[in-house]
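Protein chains in written order, with full-length UniProt numbering: chain A, 1 to 289; chain B, 1 to 257.
No lab work stands behind these hints, which were simulated from the structure alone.
Mixed in with the good hints, there may be bad ones.
Cut-off 27 Å, straight-line C-alpha distance, at most; resulting in silico cross-link-like pairs (DSSO-like, lysine-lysine) [said to hold, decoys possible]:
1. K195/A <-> K32/B
2. K80/B <-> K195/A
3. K120/B <-> K80/B
4. K132/B <-> K32/B
5. K105/B <-> K195/A
6. K132/B <-> K29/A
7. K105/B <-> K132/B
8. K242/B <-> K32/B
9. K29/A <-> K242/B
10. K195/A <-> K175/A
11. K179/A <-> K132/B
12. K179/A <-> K108/B
13. K132/B <-> K195/A
14. K179/A <-> K244/B
Okay, the calculated beta carbon distance ranges per label pair [as the list claims (entries may be wrong)]:
15. L264/A <-> P110/B: 44 to 52 Å
16. T191/A <-> Q115/B: 18 to 26 Å
17. L136/B <-> M120/A: 28 to 36 Å
18. G18/B <-> I182/A: 53 to 61 Å
Keep in mind the model is a prediction, meaning the values are calculated, not measured.
Ideal Cβ positions, reconstructed from N, Cα and C, are used throughout, including at glycine.
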Amino acid sequence: MEKQDKALVVPGEAESFDREDAPVRPSRKAASRRKAAWDNSLRIGSIVAIFFIWWILSLIFPPTLIPKPWETLAEAGAIISTGNFFVEIGNTLRRVLVGFGLAMAVSIPLGILMGTLRRMESFFEPPVILGLTMPGLIWAVLMIMFFGLTETSAYAAVAITIFPMLTISIWQGTKSIDKDLIDMSNVFQATPVMKIVEVILPQLISHILAAIRYGLGLAWKVVVVVEMFGFSNGVGYQVVRGFNVFSMKTVLAWALTFLIVMILIEFGLIGWFERSVTRWRPRVEAWRR
Amino acid sequence: MAYIHVDRAVKFFPREDGTEMLVLDGVSFDSKAYGITCLLGPSGCGKSTLLNVISGLERLDRGRVEIISNHRDTGARPPKLGYVFQDPRLLSWKRVEDNLIFALKGMKVPPSEWQERVHKYLDLVGLLEFRKQYPLYLSGGMRQRIGLARGLVVQPEVLLMDEPYSKLDQLTARKLREDTLSICALLKQTTLLVTHDVEEAAYMGDRIVVMSARPARVVDIFDNPFSALERNLDDVHFIEFKKKVLQTVLNLVKEEV
Chain A
1 MEKQDKALVV
11 PGEAESFDRE
21 DAPVRPSRKA
31 ASRRKAAWDN
41 SLRIGSIVAI
51 FFIWWILSLI
61 FPPTLIPKPW
71 ETLAEAGAII
81 STGNFFVEIG
91 NTLRRVLVGF
101 GLAMAVSIPL
111 GILMGTLRRM
121 ESFFEPPVIL
131 GLTMPGLIWA
141 VLMIMFFGLT
151 ETSAYAAVAI
161 TIFPMLTISI
171 WQGTKSIDKD
181 LIDMSNVFQA
191 TPVMKIVEVI
201 LPQLISHILA
211 AIRYGLGLAW
221 KVVVVVEMFG
231 FSNGVGYQVV
241 RGFNVFSMKT
251 VLAWALTFLI
261 VMILIEFGLI
271 GWFERSVTRW
281 RPRVEAWRR
Chain B
1 MAYIHVDRAV
11 KFFPREDGTE
21 MLVLDGVSFD
31 SKAYGITCLL
41 GPSGCGKSTL
51 LNVISGLERL
61 DRGRVEIISN
71 HRDTGARPPK
81 LGYVFQDPRL
91 LSWKRVEDNL
101 IFALKGMKVP
111 PSEWQERVHK
121 YLDLVGLLEF
131 RKQYPLYLSG
141 GMRQRIGLAR
151 GLVVQPEVLL
161 MDEPYSKLDQ
171 LTARKLREDT
181 LSICALLKQT
191 TLLVTHDVEE
201 AAYMGDRIVV
211 MSARPARVVD
221 IFDNPFSALE
231 RNLDDVHFIE
241 FKKKVLQTVL
251 NLVKEEV
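Build the full structure now, drawing on both the sequences and the hints.
Structure (structure tokens):
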């Protein structure tokens, strides 16, 4: 229907700017609703599949090794219903976010400088690459030895562990930006601030989003390790307590609750951020026939 | 009033092996004031290099390029230039109007004038109703129109255009040429248009500067006998004029081979 309409337009008038697509709008809206429904049922389906596999495994192994999924969920529910849960999650989340924020604040400018200036690249390449190979566990140990069992050691361990990964992502992203647009901004005498904020950063957005996702995942892994070493609160501490009484259910329940929080952040916060900063980009429809 | 004065421009490019390659070999011409001047020459002859020199992206080795304007003391400040590229080179993440504002902001136009100017120039290129749209949702021809509006919105003393129609399909290009011609005539815009298309040069140019292949020299300069609004691609006299320009270019190519 839509295609026929287009075929009727005389080629020379293809540039006349009336919008002939107005009448087909409602059906398009319905189609996009159907697509969204599909997307959501696939997401739910994959989670159901995970629980199904878990359930099968729990039939094979004794409950001390693999507890039943719903018992673990009940335990998670019990944890959440005590007010203590939000304190623990809050502590861990704060350590993740502060460490992550610190790393981001250094990585974005450094990555852009490395991607645009040869000398910065040569100077900072070795430490960044070396940093990438250093295990987060070692940073956690080093920071606790240096700062003691303080919040600072948790922030520092998170920041240092994820910093190389974030920087590499933004540095490589900067190298692939469109140089023609830089020429364009030079011709229109854009200031350096305009070039960074309005020309370079928007081109890095998918790299930054990927870095945020990897970075948050990595940050939470390190934080749990730091908390296990002797913090008296946080999810890591609770997991160690579960380990000490060999309660698989407690360990899994705490892990699960934190996963839920991270998923909410991923789909809620990051998803919203992504949608609002990529509204200018039409969706890729690679497999549509 | 503003025009471009090019005086014995010489430019070398370094080669891989350390020697130098002559790109511009003493190019001299004056552009039209208030009109379109076409730089016509084969691909790779150094037309774009000359454009880059005029826009300040590159420097000459010898000779002078000046923009002479009676609206300012020469040398007091750099001339105001607008640029239309071969690709639209829009910022895809900015709405159409914000793409124009980017240029205005860069050229230090006071914000109080932005809305009025954006309105005026988007209207001139016929895209006012799309001002809130994002560029990737528009056709190639429309994006190139936005590129034209962005070049004009800074109210440049000279508008530089680098083969702006060469990536468009023939009909879209034809319509956009017509519109560019009438807009530039209306605004009395001094324009330098680089092209390798003889018909385009004959149709668009009030003055046509024919350049040879590398190293570039000025071979001939034609002043168009037809005013901007009376050029008709099918008119016998216009075709005569076009043939004259074409013959000059063909002779050049013959010498080459």
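Quick rundown of the hints versus the structure:
| no. | hint | verdict |
| --- | --- | --- |
| 1 | K195/A <-> K32/B | violated, 34 Å |
| 2 | K80/B <-> K195/A | holds, 19 Å |
| 3 | K120/B <-> K80/B | holds, 19 Å |
| 4 | K132/B <-> K32/B | violated, 36 Å |
| 5 | K105/B <-> K195/A | holds, 12 Å |
| 6 | K132/B <-> K29/A | holds, 20 Å |
| 7 | K105/B <-> K132/B | holds, 18 Å |
| 8 | K242/B <-> K32/B | holds, 19 Å |
| 9 | K29/A <-> K242/B | violated, 52 Å |
| 10 | K195/A <-> K175/A | holds, 15 Å |
| 11 | K179/A <-> K132/B | holds, 26 Å |
| 12 | K179/A <-> K108/B | holds, 23 Å |
| 13 | K132/B <-> K195/A | holds, 22 Å |
| 14 | K179/A <-> K244/B | violated, 39 Å |
| 15 | L264/A <-> P110/B: 44 to 52 Å | holds, 46 Å |
| 16 | T191/A <-> Q115/B: 18 to 26 Å | holds, 21 Å |
| 17 | L136/B <-> M120/A: 28 to 36 Å | holds, 32 Å |
| 18 | G18/B <-> I182/A: 53 to 61 Å | violated, 28 Å |
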